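Peer 1: The lines below spell out each chain.
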Amino acid sequence: MTAYLFRRILYVIPILLGVNLITFALFFFVNSPDDMARLALGGKRVTEESIERWKRDKGYDKPHFYNDAAAGTDRFTDTIFFTRSASMFALDFGVADDGRDIAQEIRTRMWPSLAIAVPTFVVGLAFYITFALILAFFRATYVDVSGVIVCVAAMSISSLFYIIGGQYLISKLWHLAPISGFGEGVSALKFLALPVAIGIVSSAGANARWYRTIFIEEINKDYVRTARAKGLSELRVLFRHVLHNAMIPILTGVVVIIPSLFLGSLIMESFFSIPGLGSYTIEAINNQDYGIVRAMVFLGSILYIVGLILTDVAYTLVDPRVRLD
Amino acid sequence: MPFKPVVLWTDALLFLLLASAIAFWWHARARPHLRRPWTKLAGSSRGMASLVFIGFFLVVGLLDSVHFRERIAGEGSSQQFAAQTRSLLDAIVGPLGSRTEKTYSAPLATHLFAKETVELADGARVRTYPRLRYGGAHLSDPASEWQADVLRTAIAGLGVAAILWNVLALAVTALVARRSQRSFTRSWHAIWHGLEAVPWRAILCSAGVLILLLAPLAVLSTKYHVLGTDKVGQDVFYLTLKSIRTGLLIATLSTLVMLPLATALGIMAGYFRGWVDDIIQYVYTTLNSIPGVLLIAAAVLMLQVYMGTHPEVFDTIEQRQDLRLLFLCLILGVTSWTGLCRLLRGETLKLREQEYVQAARAFGVSHVSIISRHILPNVMHIILIAVVMDFSGLVLAEAVLSYVGVGVDPTMTSFGNMINAARLEMAREPMVWWSLASAFVFMLMMVLSANLFADAVRDAFDPRVNGNGREHA
Amino acid sequence: MPLPLLQVRDLSTWLVGGEAPVRAVDGVSMTINRGETYALVGESGCGKSLTALSIARLLPQNGRIRSGTARLGETELFDLAETRMREVRGRRIGMIFQEPGTSLNPVLSVGTQIGEVLRRHTPLRGVAIRRRCVELLEAVGIPDADRRLDEFPFQLSGGIKQRVMIAAALACDPELLIADEPTTALDVTIQAQVLALLGKLQAERGMSILLITHDLAVVAQTAHKVGIMYAGQIIEQATREQFFQKPAHPYSRKLLQSLPSGASGNGELAVIRGSVPSMTRLFAGCRFAQRCDLREPVCDSRMPPWVQLNDRHGVRCVRYQDSVPVAGADALKPDHADESGPAVTRPVSMPVPEASPSVATERSPEPPSLLRAEGLKVHFPIRRGLFKRTVATLKAVDDVSLRIGYAECLALVGESGCGKTTVGKSLLRLLAPTAGRVHLEDVDLGSLDEEQMRARRKDLQIVFQDPYASLNPRMRVAELVEEGMRAFDLGNAAWRSERVDELLSRVGLSAQMKSRYPHEFSGGQRQRIAIARALAVDPKLLICDEPTSALDVSVQAQILNLLKDLQRRLRISYLFITHDFSVVEFLAQRIAVMYLGRIVEWGPRDAVLNHPRHPYTRALLSAVPAIDESKRRQAIRLEGELPSPANPPSGCHFHPRCAQASDECRRVFPEQRTVGEGHVVVCHLYR
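Listed in order, the protein sequences are those of chains A, B and C.
Under my numbering, the residues of the first sequence are numbered 470 to 794, in order.
Under my numbering, the residues of the second sequence are numbered 8 to 480, in order.
Under my numbering, the residues of the third sequence are numbered 904 to 1590, in order.
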């Protein structure tokens, strides 16, 4: 197990390096820092001096990978790549355009994101699995058929409509919850209810249908027939035998996103004005703050890879055949 | 020539895709094993009913992809062409696109939605709802005539629908009668009792619903803004029709980008294994680990910088929109190939151990031949299923990306931009709801029919579903 | 007469959902007495498994019981509510299935899976359940039962898994055990163990067994009563003795004759033409008529009635109607059959094959051989740990030498996992051997580069086990057969097309079939296509990797006849890889027996079959079920199972399972000893 984890962590390094190179290439090769400066400072009539100043402020006035002018290790360290990209390995994300420290900002903003994302994830998963199990229990009856049709219809509606519709109905028409905003402590609950509910409903169709497919596939396996031949009740067959086996494919899709819950949901947070990482990212995109976008890309990759490792570990919990060594 | 054809990049690619689809259909027609799942698909009433709707969207999208510039003056070499690029769809819907009001107006309204100060003929100034320039302009006294006129026009629309549908039903029956060498009445009976192999009943029903929906809209739209107008007074029905092409292009062209990447790399990884597999796996794990929206956002941001600093590259607004759309498809393709690639890798790993591949290796058949003759044909169904399943997801993704600000060009008509604009409209008092509602209805129709069709395709092609993997004689 | 345990009357079961319902079971009646084993026998697709599932009401989603009754003791099973039926399942009816690998839940421990039956049907709880589970595992002969309870199915071998299945099925002492092909997925030695176990448990507990099988030899050893099923109907029913002595229905007779061990004097197996008819159609007359040699006009028009020949024997055939039963049976008798039963006579003299000279002289100057392999090794590294270091080697093939003469058939026999398929693949270089040399005629294949090897591949071809996996479903028959010719660039298109026609007719298919696709053919026809494809490039050696093990008996006979005929006409050599001794007997001139990556005994066919020397060969032969009692060898029960080739036992690999093992066997791997004309054994017992 430890050897396995150690190996996986070693494997993470080239991947993060790859991510780093891709984003670096995207941000510094497609457009030169001059172009960025010109656009940031507005239009064509910008003096060379102001461009240089902008670049110096950002640290973009250095060569990309190799600094001829410097000496010793500085040849490699005194470059844009090293100071702007490689430094992220130390979780040093630099400063945003408004001068605030990005890492600090991430630390404070991740809590509101988690407050939305974790309940959505946990309650949603329980809801989807229950719903899918009900459909599987009534498979090939009208309950199942109409349930699947509802799922397909539900997944054909853009999540934007769920949000707009939910805000309109619940908040504007029925005044059941505040339309947007965020509070501290217990008061946060009333702000959280609507986004969490909408988050669950908006992805119910696709998830429930997917889980149902997994359950149905398991139900058709030989060991289920054996379980029935023992005289077990249908419910016990479903919960004891089918659910346990179905958890294996379900985990593959689910565990990997758990760490990414930190990042929050872009549209949900921006619609409900929640000061989390999702809205932070969206603001950064709209303000063209590349530093934040790069930091979020890197953070997202780390969390995804942590998710992959967690998935492997989760397998050992549900599947006795899997051992990490 | 009265017009000059304009071929945008996306137009060319869309028609290329259409041509290859037709070529594949032609190729499959003569091969029973390829035809079999299609026949099964053609027999699925759900699939065929949704195909009618998809057909409508496809026709609208294709018509909207034939672009040209009209001649405004001159002859021979001194011809002058309009600066504005129009599409065949614009030509067909005629004045719908050009009848622009001042600002918001509700569906079927005769007056603007907001009060304005109007100068009357006698010079007095009143704050009132001004009459629309085009919507219901033929009515002299809207207050008394409006209701009757709308009703009359709507009934005329329904009449048109009835005639159209009957013509269609008779044509289908005649076709079936000629094919099966039966009398007309017996064919009619066969169709309505579901005795035909092709579910004509479902097709006609769904065509009926579509015609019933569209014909009154079309007839009403000649006199009114049937779905209202937006902030700058553009007809919402027109905008909705124009949005279809954007959604369609995003969904198909992204696939076009993704397919060759996923297919080639997936099969290579599974077939050659070893270091080839290691590299390909490394590439897709790396790409996968970057959150999709963020990668798209980063790429689009950089595109914006490029466009901002190189305005000379783009002649017209259409070209700028088009290139941004193309680039968006490209980046969507690059971020979405990993799923299919992994699927194909797994399947190829299985297939390469199949005995018929081993038999080919025992003959010393080359790798290229084994891949093209034994592996590729046997993973085609996976590719096809993936393509149709991705379609609806990409249409939905367009909306979200446009909302985030990294979708298509903000000046381009698309469902995402319509919804985005509608957000602010919702906050108005009284609310402007019609843009959002139209986008909702049309988008739902498009995505739902795509989803239902995808289900039917999967049922027909997935050997696990229909159990034709192994039929004991 | 006491009340029978199970009485099934007029059972009809349909599979619905397709274009037409499949009438899979069509009017089946049978009676099973207490303490009796009733064997329901038939080829695949005849409806025997669905009959069993109908009785337990465990049909798949699309299965429907259309009519009929099933009475277990006093209980009408089909009238019970589902909840009551659940009380019957597991308590009064136990079931075991064909694939122990997939029939056990992979994520639950053995103890849980047995224990849940007890928890469901008995008041036992907690420690009492565990104690009972241990008893059950011991009863089914699993040593170290207490530890096994906490293990998961993936940690167990096939034989142990099937024992666990049996333990779970017997947990509540059911009156009836339904065993659906319980040994089909197992090796012969394990099959013998499981059959013996079932017999022992039946004797101890007095339960009845409904045994579903396709294997007549298994029936002959275990059943009291036999029912032969064909196309959804039982066409003959008799006590075992009656059935094997005087099979009445033409189908039953043919089935017995088509067993490889029942070859008639001219060295040909009896075959049943065609294949089982589709069950979606309605039958007017006898279902077997299309394939019957004794068909009369009336067979097509009238459904044959059930005729009771005597109180222990009934048959559904018009030939027995209105006539004195015994005379009718005699009239049916094929001319070469004798009183003791037509199908079970051992062929006294098989024609001596052409290759006999090469067989006879192993030690005298080497006869020219087509293929020689020396010291062939195929090892697979097992990698583990931080840097994927090789921690062990899986020695799939470990120092195998063999020789195949011209126009000779060498059978390579062994249990699954012994490495025989790997030998075949490494000879073809589909797998690269780790060590050793392979000479084809005078060419060392190992010294060839890729291009040269490609040219030599023409001489070596292979026919695979699974006719469904060995043909690309996306290619027409003509393209399939042509593949090799195109790869070697033989002839032009016209010539190849002509050759395809010729090859198809040679393997018994018509040339019109060449534009069709594989899915339109039955298993036997597909295997013919696969053979035609291999023959297309005129190979000198054809490696046949279990080519008949996926086929029904009657179809297997067709393929074996074809292979034999081809050998005679084309003078082609075979390396025939198989686990089935009865097939070996029919086809091979020489036999090599493989155990755990090594060949332990080889020699001429008759020498090995009649005077096996190696204890393993003897045990293997004794485990083969035989129909003819006189042919049954004294049973040598082989304990345990094949060890892992990653960690073979020291010394002689076989010593842990060998009753005659000495100290030396545990330490030293034995040398080759010649014990007869070309008969070599690798064992310490012969020196």
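Hints in this document: simulated from the structure, not taken from any laboratory.
One or more hints might be untrue.
[Claimed, not checked] With a straight-line cut-off of 25 Å between C-alpha atoms, the simulated SDA-like cross-links for lysine to any residue are:
id	chain 1	residue 1	chain 2	residue 2
1	B	Lys230	B	Trp282
2	C	Lys1361	C	Ser1319
3	C	Lys1467	C	Ser1012
4	C	Lys1103	C	Glu1041
5	B	Lys357	C	Pro1284
6	A	Lys641	B	Ala434
7	C	Lys1443	B	Ile392
8	A	Lys690	B	Glu354
9	A	Lys690	C	Phe1055
10	B	Lys47	B	Ile392
11	A	Lys690	C	Thr1015
12	A	Lys690	C	Val919
13	B	Lys47	C	Ser1319
14	B	Lys47	C	Glu1423
15	B	Lys47	A	Ile618
16	C	Lys1361	B	Glu354
17	A	Lys690	C	Arg987
18	C	Lys1361	B	His374
19	B	Lys11	B	Ala30
20	A	Lys690	C	Met988
21	B	Lys47	C	Arg1184
22	B	Lys238	A	Gly776
23	A	Lys690	C	Leu1333
24	A	Lys690	C	Ser1012
25	B	Lys357	C	Ser1319
Fair warning: this is a prediction, and the values are worked out from it, not measured in the lab.
Peer 1: Each of the hints needs a verdict: does it hold here or not?
Peer 2: Against the structure, the hints:
A threshold of 25 Å between alpha carbons decides the hint, and for lysine 230 of chain B with tryptophan 282 of chain B the separation of about 67 Å lies outside it, so the pair is violated. For the hint linking lysine 1361 of chain C to serine 1319 of chain C, the alpha-carbon distance of about 28 Å lies beyond 25 Å, and the restraint is violated. Of the pairs offered as hints, the one joining lysine 1467 of chain C and serine 1012 of chain C is violated, with about 48 Å between alpha carbons and a cut-off of 25 Å exceeded. With a C-alpha separation of about 13 Å, the suggested pair lysine 1103 of chain C and glutamate 1041 of chain C falls inside the 25 Å cut-off, and the hint holds.
Proposed proximity of lysine 357 of chain B and proline 1284 of chain C is supported: the alpha carbons are some 21 Å apart, at most 25 Å. Of the pairs offered as hints, the one joining lysine 641 of chain A and alanine 434 of chain B holds, with about 10 Å between alpha carbons and a cut-off of 25 Å not exceeded. Under the criterion of a C-alpha separation no larger than 25 Å, the hint pairing lysine 1443 of chain C with isoleucine 392 of chain B is inconsistent with the structure, at around 44 Å. Taking the CA atoms of lysine 690 of chain A and glutamate 354 of chain B, the gap is near 21 Å; set against the 25 Å cutoff, the hint holds.
Between the alpha carbons of lysine 690 of chain A and phenylalanine 1055 of chain C the distance comes to roughly 18 Å, so the proposed pair stays at or under 25 Å and holds. Taking the CA atoms of lysine 47 of chain B and isoleucine 392 of chain B, the gap is about 14 Å. The hint holds against a cut of 25 Å. Restraint check for lysine 690 of chain A and threonine 1015 of chain C: satisfied, since their Cα atoms lie roughly 19 Å apart, inside the 25 Å limit. For the hint pairing lysine 690 of chain A with valine 919 of chain C, the CA-to-CA distance comes to about 20 Å; that is within 25 Å, so the pair holds.
Among the hinted pairs, lysine 47 of chain B with serine 1319 of chain C is inconsistent with the structure: their alpha-carbon atoms are about 40 Å apart, more than 25 Å. Between lysine 47 of chain B and glutamate 1423 of chain C the CA atoms are separated by roughly 17 Å; this keeps the pair inside 25 Å, and the hint holds. A hinted pair counts as satisfied when its Cα atoms are at most 25 Å apart, and lysine 47 of chain B with isoleucine 618 of chain A qualifies at roughly 21 Å. Straight-line distance between C-alpha atoms of lysine 1361 of chain C and glutamate 354 of chain B comes to about 29 Å, which puts the hinted pair past the 25 Å bound.
Proximity of lysine 690 of chain A to arginine 987 of chain C is assessed by CA-CA distance (about 24 Å); at most 25 Å being required, the pair is judged to hold. Using a Cα cut-off of 25 Å, the hinted pair lysine 1361 of chain C and histidine 374 of chain B holds, with the two alpha carbons roughly 17 Å apart. A distance of roughly 28 Å separates the Cα atoms of lysine 11 of chain B and alanine 30 of chain B; the hinted pair therefore is violated under the 25 Å criterion. Proposed proximity of lysine 690 of chain A and methionine 988 of chain C is supported: the alpha carbons are some 21 Å apart, at most 25 Å.
For a cut-off of 25 Å, the pair hint linking lysine 47 of chain B to arginine 1184 of chain C stands: about 22 Å separates their Cα positions. Straight-line distance between C-alpha atoms of lysine 238 of chain B and glycine 776 of chain A comes to about 45 Å, which puts the hinted pair past the 25 Å bound. About 33 Å separates the Cα atoms of lysine 690 of chain A and leucine 1333 of chain C, which puts this hinted pair outside 25 Å; it is violated. Between lysine 690 of chain A and serine 1012 of chain C the CA atoms are separated by roughly 18 Å; this keeps the pair inside 25 Å, and the hint holds.
With a CA separation close to 21 Å, the supplied pair lysine 357 of chain B and serine 1319 of chain C stays within the 25 Å bound.
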